[in-house]
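2 protein chains.
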Amino acid sequence: MSEQLTVTLQEFRERIKQIKGYEEAIALLHWDMRTGAPRKGIASRSEAVGMLSAEAFKLSTSERMGELLEKLEGPASSGELSRIDQKLVEETRKEYDRNQKIPPAMYQEYVVLTSQAESYWEEAKDKGDYAGFEPYLDKIIDFNNRFIDLWGPKATRYDTLLDMYEPDMTTAELDRIFGGLRTKLVPLAAAIADSPHQPDRSFLGQTYSIEAQKQFSLFILQEMGYDFEAGRLDESVHPFATGLNPGDVRITTRYLEDDVTSALFGTIHEGGHALYEQNIMKELLYTTLCTGTSMGIHESQSRFWENVIGRSKPFWERYFADLQKHFPGQLDTDVDSFYRAINVVQPSLIRIEADELTYNLHIIIRYEIEKMIFNEGAKAADLPEIWNLKYKEYLGITPPNNKDGVLQDVHWSGGAFGYFPSYSLGNMYAAQFTNTLENEMPDLWDKVGKGDLLPVKAWLSDKIYKYGRLETPSEIVKRVTGKPLDPSYLVSYLETKYKEIYKL
Amino acid sequence: MSEQLTVTLQEFRERIKQIKGYEEAIALLHWDMRTGAPRKGIASRSEAVGMLSAEAFKLSTSERMGELLEKLEGPASSGELSRIDQKLVEETRKEYDRNQKIPPAMYQEYVVLTSQAESYWEEAKDKGDYAGFEPYLDKIIDFNNRFIDLWGPKATRYDTLLDMYEPDMTTAELDRIFGGLRTKLVPLAAAIADSPHQPDRSFLGQTYSIEAQKQFSLFILQEMGYDFEAGRLDESVHPFATGLNPGDVRITTRYLEDDVTSALFGTIHEGGHALYEQNIMKELLYTTLCTGTSMGIHESQSRFWENVIGRSKPFWERYFADLQKHFPGQLDTDVDSFYRAINVVQPSLIRIEADELTYNLHIIIRYEIEKMIFNEGAKAADLPEIWNLKYKEYLGITPPNNKDGVLQDVHWSGGAFGYFPSYSLGNMYAAQFTNTLENEMPDLWDKVGKGDLLPVKAWLSDKIYKYGRLETPSEIVKRVTGKPLDPSYLVSYLETKYKEIYKL
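Those sequence lines, one after another, are chains A and B.
Everything in the first sequence is counted per our numbering, starting at 3 for the first residue and increasing by one.
Everything in the second sequence is counted per our numbering, starting at 3 for the first residue and increasing by one.
Note that these hints are calculated values from the structure, not bench results.
Be aware that a few hints might be false.
The list makes no distinction among identical chains, and a pair is therefore deemed to hold if it is satisfied within one copy or across any two copies.
To be verified - With a straight-line cut-off of 30 Å between C-alpha atoms, the simulated DSS-like cross-links for lysine-lysine are:
| id | residue 1 | residue 2 |
| --- | --- | --- |
| 1 | K42 | K459 |
| 2 | K42 | K465 |
| 3 | K129 | K73 |
| 4 | K501 | K186 |
| 5 | K216 | K452 |
| 6 | K501 | K216 |
| 7 | K60 | K19 |
| 8 | K373 | K485 |
| 9 | K392 | K327 |
A quick note: this is a predicted structure, and the numbers were derived from the prediction, not measured.
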């Protein structure tokens, strides 16, 4: 490498490191606002977040960054750069072209708005007061529409937003995939509803110590290989995981006294996200590649751990006795009944508590509403009604209030339109990865049945986690499973699982 | 105001707001590192802190800032600007002239170093392992020596550092003040030691529930008027208060099972700092004047609340019954005995647990050591021995280990050389303010005896807190008490108090 190229690369890497530094600070400020920052400091904190975001944004779109990219793109394409640097140049170029179209002041205003809106959403959700949140939501929608105009609409306006979370995903493709899913899952759900073998859940209707729930959540995280020297578990209204750097990946959960499994599966879910971020290779430290490659792949990991592992029979053959010990006299049943009880398929109101099958209907509802907002001009004021009608149509139930309806998710308050499909994509990726894992680790379920989860974590680290954003979602799926994304793995996984449980 | 001046002022204020935004983010990152950030993320977090500090530093020394200051200094001195803007221009100029002498890369390196060193200090203190901390301390001393060279030594090299925490304070002045204090306090301490009326502390030697200590600490903070919607109480190895903005002023404390008053007085102390920061006038928001004016005035508030109020008899006449209720059967004595027990004068090892009288000797020791480091070239390796010799000389006791000796304080790990004298200055300011408060509020002690503390907070807010950095320490002391700083108030306060307790 020429001396000049070395110097250019060094300057480029310094700038990337600085952007990453801003991202780490912003992530901590967000974590803090959601885990206990005092109410009266929010306005000032939001201004600080806005300022830091604007600075990172300016760096990523600066004239100098453009010059550096131009100097580095030749060497990158001729193979003179390392694989990491080459990818870094590509991704930074993509970001540069995208961000350059947004005026920095507009971006900063948007960040301050969404940062405040998240707190207002929390308040509105608490009180079930949609009207208090509506003006913020309208402003956020309006901003996103202006972003779409600046970036340029793709096949549809909503496609422009989708691409942010799952590169190159389109509404055409999602319509096809979700259509196919629906065709297979609706008859399966109907057969389940008609089955005479409905699991008994009545033994779960007790009051469970929050302290014991916390202890068991911590225990399971430890079993999964979550590194507590590189993370911590806190509480927040809406559970989340945030990777500040691989040495600091935090999880939050939410404990419910009347539900012994809600916080537990929430914790395992966020733990899956966290394992991904904790196990990214050291070589990516201080670069913008040091994070999960897409929301879909991220969700594949959270949902793999939550559902494929956490709701499997072998898992509970190992851990049910431990759970019983945490709640003496309160889980007086056998493993099989417990396993069936935590896998009940039943239409419900809250996405994050839905079963693995109907979960996808919750996602399809949000996907369709987001399409309506951006492709058909639906306004914030319209959403409660649309929401409730769709829940009636797809799940046969109507939310009794907005808290359990349109206000339940944090995503829109943060402007994350186009994110929701990632959850179902995650389910599909997870099923496909599981198929490969079962082939490559024939004693997988024996291991899980013995609580030997670390080899699973090691396999995923080796195949997926360590790469961070070094590969695209489709490259990862192709390399790991030998095939592109194929929804039939999810269908087949769900059919096998529920045919056994419901004796279909 | 001309349109041009308005535009210039607006740009200046925007830059100040940005610097303040960086300071808020950095303060949160520090708070987080000291209250529970995972160990493995520290390296990356320190890099982020270093980067943010460097950016704030660059802003404060930028060419553009220099131009803006030049444009604004004329209007400032001719009275065209508001009082706040005028002061902001003055203070920013001082910072600009000072910071411009330090190369930004050197400053960033220093910030990363001190940010890491604080964590290594915690570890070293835990293990009593001075050798593990020594190389960091040497590096920090070396940096400070280079700063002194760049800033230019004042009357002595150490004077240059002193000025940072207490503007215009000198070693000549401190030698005089501390000399005077010693002359008065040493005979008082001797008389106390010889008194036949030694308070009984034996009833305090029990094990006290940490949860109950926490509850009582929270209760007293509430009584003082600490606003929990604008703050929170956490735990850390070394208690501290940090004002992110007036709506978010956090306190930490440290609970000891075998000492019922350590965390309590620590909390009241930090609570005093917090009241200062919570009650700064809204007009100073988003400016660098929105903080305490000096460490000395800050300490006057923490030590006023901790000692003048918190260790007074009227305070315990009101609150002792409440304390007893928190520890049933564990405080079986009367108020007077308790009051005497918490005011025992006795040489001890740990500064933050020292009585009001010998506390000043702890400060004098640190002050003399810091003078030796910067004026006589003492090295980190020399400090444990110097420390122990001085404790023998001034307090008649020798630390059994470095944990209870030279490693006890966080300050040096953060590079805060020149800070310690502020504590004794704080005691002196506090005694002088108290004298005025007693004159202006003749029923002060009746109020305290009834737990009517909010008028005290209101008086302090009105006289001191609300001004933030709008006035200098000497301006405040002069305005509030009508006189410059006069150490005789402290001497007289201590003499009156201890003559009564020890029946001298």
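Hint-by-hint comparison with the structure:
1. K42 - K459: between (42 Å within a copy, 19 Å between copies)
2. K42 - K465: Between copies, since 23 Å is at most 30 Å while 45 Å is not.
3. K129 - K73: neither (54 Å within a copy, 51 Å between copies)
4. K501 - K186: within (13 Å within a copy, 89 Å between copies)
5. K216 - K452: For K216 and K452, the Cα distance is within 30 Å only inside one copy (23 Å; across copies 42 Å).
6. K501 - K216: neither (33 Å within a copy, 54 Å between copies)
7. K60 - K19: both (14 Å within a copy, 17 Å between copies)
8. K373 - K485: For K373 and K485, the Cα distance is within 30 Å only inside one copy (29 Å; across copies 71 Å).
9. K392 - K327: neither (42 Å within a copy, 56 Å between copies)
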